[in-house]
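First to last, the protein sequences are chains A and B.
Using the numbering used here, you'd call the opening residue of the first sequence number 1 and step up by one each time.
Using the numbering used here, you'd call the opening residue of the second sequence number 318 and step up by one each time.
I should point out that these hints are in silico values taken from the structure, not numbers from a laboratory.
The beta-carbon is built from N, C-alpha and C at its ideal position, and this holds for glycine as well.
One or more hints might be untrue.
To be verified - To give an idea of the interface, some chain A residues facing chain B are shown, with a C-beta separation under 8 Å as derived from the structure:
#1 L73
#2 F83
#3 S120
#4 T121
#5 A131
#6 Y148
#7 G150
#8 D152
#9 T186
#10 G234
#11 V235
#12 P237
#13 I305
Here is how the chains run, residue by residue.
There are 2 protein chains.
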Amino acid sequence: MTSPGSGYRSPHFGEKLALAVKAKRTPAVVGLDPRWRELPDELRSQAGHDSRESQAEAVCRFCEAVVDQVAELVPAVKVQSAFFESLGPEGMGSLARVIGYARQRGLLVIVDAKRGDIGSTAEAYAKAYFAPDQTAPWPADAITVNPYLGTDALQPFLEAARAAEGGVFVLVRTSNPGAPEFQDLTTVAGKPVYRHIAEWVETQAAATAGHSGLGMVGAVVGATYPAQLEELRGVMPHAWLLVPGYGAQGATAKEVVPAFRSDGLGAIVNSSRGIIFAFRRPEYQSLSSQRGWQAAVRKATEDMIAELREHTPAGRL
Amino acid sequence: MTSPGSGYRSPHFGEKLALAVKAKRTPAVVGLDPRWRELPDELRSQAGHDSRESQAEAVCRFCEAVVDQVAELVPAVKVQSAFFESLGPEGMGSLARVIGYARQRGLLVIVDAKRGDIGSTAEAYAKAYFAPDQTAPWPADAITVNPYLGTDALQPFLEAARAAEGGVFVLVRTSNPGAPEFQDLTTVAGKPVYRHIAEWVETQAAATAGHSGLGMVGAVVGATYPAQLEELRGVMPHAWLLVPGYGAQGATAKEVVPAFRSDGLGAIVNSSRGIIFAFRRPEYQSLSSQRGWQAAVRKATEDMIAELREHTPAGRL
């Protein structure tokens, strides 16, 4: 039931994500990070190397083909905007097409944009991804945002997301080697900087929690630091955790166990390179040479789903 | 003279900025924040309100007209990417055209993108703004970046900038009311989070310092917090400070005094709304109605330059 005054209205991003995870019976998310140089040779040679326009076209076709392979298997894709932005306005056009295609195939789309700015500038960024009638240039179900500027800089994203029935994932603890430098500084309150941010995320998540107990504001917490994952699951019981770092960045299914609630909800786990470029991994090369790189994408996704099912609470979904 | 091993090569962003500030005898920077709703009526009515394409076109013409007014007066413009991004791929096309136009008119262009991501993703973002041959989609002289992810996430931006003879401004202490929430948390080392970041910026600025003593890595420090401005000038003697918050955000010339070295170099001061939308300010409405909104842009720029000259060390330039 909806608790009065909670700000929860249906449909609600936290609920949509819970339904999608339960429907697909997996928290696996496929990351669309279409690095031009890593694309299958057939797409690169068709495009030629000299025009951003043709590269943007190839990137679009690559992502759509990945979506075709994974649409029935996973609840969502995470699209990395940087690899489209590096191809200029044409690349940003491809980003819009890929988002539209993935949504049309029934996937939730998280745009990993890591945007952050103040006041009306944050509103302008938010407008690029969220509109109540889904007419934004890049209509996302959720985007990632950077909290360094303060919570007044995050609020415009939350408001725009809510009006569009979308969600926001706040960077809390990232997966890179340098993440501890500023994020883990211990404050005089006796806790790391990231925990201050996590506590704010929890207030926002709790205030918007729906039937599943999960709100429309979540947190990015890297899989490469399991101790922080466990701590932050405890600090943010109402927040969806978006967990990058699985696969190519080194984390395994066992390391993401602490991200989940006991019912298998509460976290989605992203793998990008390990899936979309699976045809480059030794274990998928034979399959790929027989049935194409697309078959490797599908098999790597199925393998990730099976691993998460075997080793984490996601097996209870 | 170049100190051996300093990484300094000519031309160098810190030097280019020093030369431009000295040539124009002002540290005033005009911020191109083309909020669609604030544009002059004549541009909005020509464009119509219903198509992002026509809005992007109007935004482009507005910015180019501002550049025409200020190109002889100031060393640089700061372009706010959010207001282009909110207009979709067409808006991002306009951003490229505005950057090209401003550079052609002899202005340095700082793209206020506040990007930040890890590893090869940061490389992809950097490629969007920096290329050694100036063939990047949005060729910037400098961009702003967000440090929350750690210094390994900043390095790809520094490397790409250096190869393109560009610069990077790291967000250290922003100008918004919520800036203190996370940036000012005191760590067990007895200093605020932003100072940890400032100290890293100083190492990078010192390592790349040129003839002027200023490097290719600078810092964003808001004008709305004069005490932090003074502290951070001391902490980062080799860093250019990019100081937002002047004018519409409330800071005056007297408040930005601590940002400068005694010779008037070391800081650039940005005003956006107060200049580009000066025609909406009571003191410029008579001028604007007689000679057009463009005349108000020019007069507001001249007034800002005069105020900085009168009240700050910029008078010694």
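For each hint, the structure was consulted:
1. With its C-beta approaching chain B no nearer than about 24 Å, A:L73 sits outside the 8 Å limit, and its interface hint is violated.
2. A least Cβ separation of about 5 Å between A:F83 and chain B falls short of the 8 Å threshold, and the interface hint therefore holds.
3. Taken as an interface hint, A:S120 checks out: its beta carbon lies about 7 Å from the nearest beta carbon of chain B, inside 8 Å.
4. With 8 Å as the threshold, the beta carbon of A:T121 comes within range of chain B, its nearest partner Cβ sitting at about 5 Å, so the hint holds.
5. Evaluation of the A:A131 hint against chain B yields a violated restraint, the C-beta minimum of about 10 Å exceeding 8 Å.
6. Checking A:Y148 against chain B by beta carbon gives a least distance of about 4 Å; that is within 8 Å, so the hint holds.
7. Nearest Cβ of chain B to the Cβ of A:G150: about 3 Å, under the 8 Å cut. The hint holds.
8. Here the hint on A:D152 is kept, as its CB sits about 3 Å from the closest CB of chain B, short of 8 Å.
9. Taken as an interface hint, A:T186 checks out: its beta carbon lies about 5 Å from the nearest beta carbon of chain B, inside 8 Å.
10. Using the Cβ-Cβ criterion of 8 Å, the hint placing A:G234 at the interface with chain B is not satisfied: the shortest such distance is roughly 21 Å.
11. The interface hint given for A:V235 is violated, since its Cβ lies 15 Å from the closest Cβ of chain B, which is over the 8 Å cut-off.
12. The interface hint given for A:P237 is violated, since its Cβ lies 22 Å from the closest Cβ of chain B, which is over the 8 Å cut-off.
13. Look at A:I305: its Cβ only gets to about 24 Å from chain B, farther than 8 Å, so that hint breaks.
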